[in-house]
Amino acid sequence: MLLAVLIANSEGNILVERFNGVPAEERLHWRSFLVKLGVDNLRGVKNEELLVANHKSVYIVYTVLGDVSIFVVGKDEYDELALSEAIFVITSALKDVCGKPPTERLFLDKYGKICLCLDEIVWKGLLENTDKDRIKRLIRLKPPTDF
Amino acid sequence: MAESSGTTLMDLITSDGSSSKPTPAASTTAPPPIDSTASVGPPVVAERRSKKGTLLQIQSDTISAAKAAFNPVRANIMPQRQKKKPVSYAQLARSIHELAASSDQKSSQRQLVHHVFPKLAVYNSVDPSLAPSLLMLDQQCEDRTVLRYVYYYLARILSDSGSQGLSPGGGIPTPNWDALADIDAVGGVTRADVVPRVVERLTSEALNEEVEFHPRRLQALKALTYAPSSNSEILSKLYEIVFSILEKVGEPQKRKKGIFGLKGGDKESVIRSNLQYAAISALRRLPLDPGNPAFLHRAVQGVLFSDPVAVRHSLEILSELASKDPYAVAMALGKHVQPGGALQDVLHLHDVLARVALAKLCHTVARARVLDERPDIKSQFNSVLYQLLLDPSERVCFEAILCVLGKFDNSERTEERAAGWYRLSREILKLPDTPSMRDSTSDEKDAAPSKATKDKSAKTRRPQPLIKLVMRRLESSFRSFSRPVLHAASRVVQEMGKSRAAAFALGLQDIDEGAEVNTYSDNNESYDPDINPTAPSEGRKAPSVSNGIGSKDTIASLLASLMEVVRTTVACECVYVRAMVIKALIWMQSPYESFDELESIIASELSDPSWPATLLNDILLTLHARFKATPDMAVTLLEIARIFATKVPGKIDADVLQLLWKTCLVGAGPDGKHTALEAVTIVLDLPPPQPGSVSGITSIDRVSASDPKSALALQRLVQAAVWFLGENANYAASEYAWESATPPGTALMMLDADKMVAAASSRNPTLAGALTRLQRCAFSGSWEIRIVAAQALTTMAIRSGEPYRLQIYEFLHTLAQGGVQSQFSDMHSSNGEDQGASGTGLGSLISPMLKVLDEMYSAQDELIKEMRNHDNAKKEWTDDELKKLYETHERLLDLVSLFCYVPRAKYLPLGPTSAKLIDIYRTRHNISASTGLNDPAVATGISDLIYETSKTRVPDLIYETVKTKSALPDALDDDLVNFWAANLADDGAPAMNRVNEFLAGAGTDAPDVEEENIISRPSMSYDDMWAKTLLETTETGEYDARSSGSSSPDSVGSVETSISSHFGGMNYPSLFSSKASTHGSSQPKEKPGASRYGAYESPGSPVREEPPPYSSPDHRRYESFENPLAGSGSGSGSQSFSDGRPSSGNPQFGTALYDFTAGGDDELSITAGEDLEIEDEVDGWYYVKKKRPGRDGKLAGLVPVLYVTPS
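Residue numbers (this note's numbering), protein chains in the order written: chain A, 1 to 147; chain B, 1 to 1207.
It is worth saying that the hints were derived from the structure and are not from the lab. One or more hints might be untrue.
Claimed, not checked - Which chain A residues face chain B? A few, computed with CB under 7 Å, are given here:
1. H29
2. N47
3. L50
4. S84
We treat Cβ as the ideally placed atom computed from N, Cα and C, and that holds for glycine.
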């Protein structure tokens, strides 16, 4: 299960978060944990360089893209490497939507589209679409494979 | 204020790029200026305060919004938003209602797409009152982007399941939504009203077969799956839709094969594939229906679909179904698994997760017992699985390795894991002969491997031992720069270690690791070095060098070369990767090899302050798991655990560590017990921590505890070790008074102390060593440690036979006098504490202990005299004489039981010579030896309770440990072990739970962020910080000394608190004379601690007897000591406890049984026979009043419960 996708700005403000199967009372802990993880480790990290962490049997992969940091949390089949796949899909969709590694402003300007992309990428806690062209089509209400 | 909750993000979003340039700038330089109450930390209180106000406002907003919906002629509200004021939810809602009405206009669509919908996304849920407008848009609007948003929000309305945490969540809490629950009466639109309409609408769209409509059909179906699965009505509707779609498009069309994900193809087949995709994806989100043949049939069909995501989903469904009914799945898959079949095609499908699902599916089918009679099918699936070992993606390859290793979930049995190691080390990968499909369809990502295969196809076809493939693949992964890859590779090595340990534990035949693996090939060069083109396999050289037999590889040499690479990974910057590497090393450590290297790696790692406590504890738990797998490693693991104790005492969970000590001591077996005990108690020999010293940073023989917190933790740990030593030395030394061959009162007792010690240590070095350590602790430790040491010595005195008892007796006597301290002064490394007026300051504590021993000795003397008299006079013992003797015996037993657990049936306080006489009396009077009903601890009922609880939850871990151990010949006495097991459950309940949870691989709960200051980082998240405050109130109670020693001004205060809570929590007896202080504020805090205390105290002592019907009086004993320590912190002197003592209301009366001399100001001297009024009882002490003042003029004070019998 892909437990959470969370995008924060460089200040640690959370911009987008999607939790799946995480009890409401635990979300706050996760938020704090992830943000702290980012603050502690993401300074000076290159765009899209993947960092990893784990907590018990839950894996976390996170990275930086422009002004935002992206965290994905998963368990079971969503281990570090599957999460790397997921985060790769998310970053490429973000770059696609924003045209470049986003600044915070740009990210917020494209907020709606980004939410739609995430909706196509993660569907009820499972990774769905991984191909960025396909995602692009789907958020414009086009079929996944066009004729 | 009312509107301000959670507006930061809204603020940012609302501000237009141009007009609001300053806003993001401000947010990056100085966070707060945006809106101080917004997402900034402290909002919590503000927000809560404002909640009620908000409610009212929301209420009116909602109503007006609803009105607006019916009366859309109002002015467009958008201009209002231009004023850079953050948009409220109500405003957004209103806009949607209005714009929906004019959705045919381009401008409205633009506003919806660019302003309204994106901002609405900020909220974490969409309230039902929007549904009518959304449905209206859905019906009337033509704009695709608007529609896409509409589906998005409809799905969110459906998914809102409140507290179940299933909604996508995130964002600012939607005000109306919460409020609506309260103002239902006002006529708001409820979810119950709209959901049926939404479902109806989406259902009809999902069934719409119009060609042009099909993209919408897909989205409608997707939105429907968001409905909570608890709604069976929607669920059955969904099944119906999905199956009806699959009915039409599910049948495979042969000629369409091979269009994998490619654009083009005719329109009909593309639409068909899209629908297949949508249906299977929806099916994947529906609950599994294992018994349903249609379900299975459709899933199997899905493997043939052309859409890669659809194939992935159907494989995932199949692999889940296979875990329930492998036979049905295997049969249904039939020829797909055969060479050239659909499953073979998946091998080359460009979808990583599809191949992962394939690996799982193959593994599940291949290991299924029900298919034992169809080895052909099993081998086909196995062959697919083995081919996945060559997969270019690490994710897939690692999954395949884990499957081969028998790791599936966390519930595999040891046999499966062992078989996994056997497979990996023995089996050969033979590629099927059919031509590879690779060349035709793989796209870029697959290009590299497919090229490699083409070039080397001749070579890869050669059969290869799995182990070589895997080793080489892992080695190359360890050269990766990607941290996730390193982490995953270490994890795979760890799993490999687990399987290997399982194989050794079961003693699998044929696991000779010296055997050569090149069975199928002439020389090394024929192996394909390009399994993974990203890294050259230099690793190959290592084995041939390290292994002296030329070019032949053995498993051992392959492993050695792998481990070499693994060890170098410790240099990774990421602490999580390093932790995983250490775990892998622990698992790969063989019990028969030197662990120096591992030890030094761990030691140097632990010196790094950046390790978070949770990770360290994880490693500690790994030691537990390792022990469970290989009990032989007890001593090694203890040595490693010792590094934790000395290096990071402040970070590790002391309970878990002690549990490890205990289990390892039992597991060490008869031969290892001495070493095991040494490994634990070596902690006591360490020099005290030198504040600020950096030298010897990697030396494990030096304590690193430079800050007060870890110094404190270290002390706690030393206390625990001292206690452990006292409690278990007799077990480790196999020396028990009731089994001692040497009767007391013989010549030994005539020796002087030195000779006695010499005699003792030659007889039993383990016990003698423990004694020496404890004696030193009783002198040179800190106050608390000295006390525990004295108690530990008493325990040993009571349990050991002569001459140890006498030796301890003499020592305690000296200690009480405080006289000969100078004799020990060379051992006395000062800790800066005043040793007290009496030299050791332990006098008052030791006197009851000495008294017990005194009584035992004098009773023994008495007995010997009596026996001589009888012998001389050649008289038989009369019944009265015997009765008197028996009563003395029982009385002493009761007394002794107060100090530590002894087996009542066997223990002879009057010495072995009394056994016969007592037996005679017992037989005459039909007294069963083990009733123990007179025991004070039983009488108070405490231990009954403990025993009950412990009985019901004997943990698996220990149970299994015990099982394995008791299976060994010459292992422990079964009863003893069961007794232990029962007690461990009780002992380490919290620790035990942690261990068991770890072993079960559980734990998806949220982490606690350490060292916190979450609050001090203001702009952490939205305004739901209030939840944090809720949590905090509970957290602050526990030790918050964690929170950064230096960063906050009140850190000193917090350390103070932690000191008291430490002692409170740990319940280490520090017998400051201020007993009464427990009655103060610290009392409530104490309570939870009291149960933990059991961890140290209780009946953990391995004693050779069946479990008595009570757990142990010594729990009780500690209770009696524990009270005084709490709150007294570091030695506040005596306090009178006239203040705040709760009076019990109805006083009880009693009589003094023995003389008692007050040992402190709070205590009261009493004389036997005196009448007393018992006011109160606290932890083993009565607060009593005399009728008239005693010689010292005192009228009231504390006396031990035992000394008074209530009348």
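Evaluated hints:
no.: 1; hint: H29; result: 3 Å, holds
no.: 2; hint: N47; result: 14 Å, violated
no.: 3; hint: L50; result: 5 Å, holds
no.: 4; hint: S84; result: 5 Å, holds
Checked against the numbered hints listed earlier, the structure breaks hint 2 alone; every other hint is satisfied.
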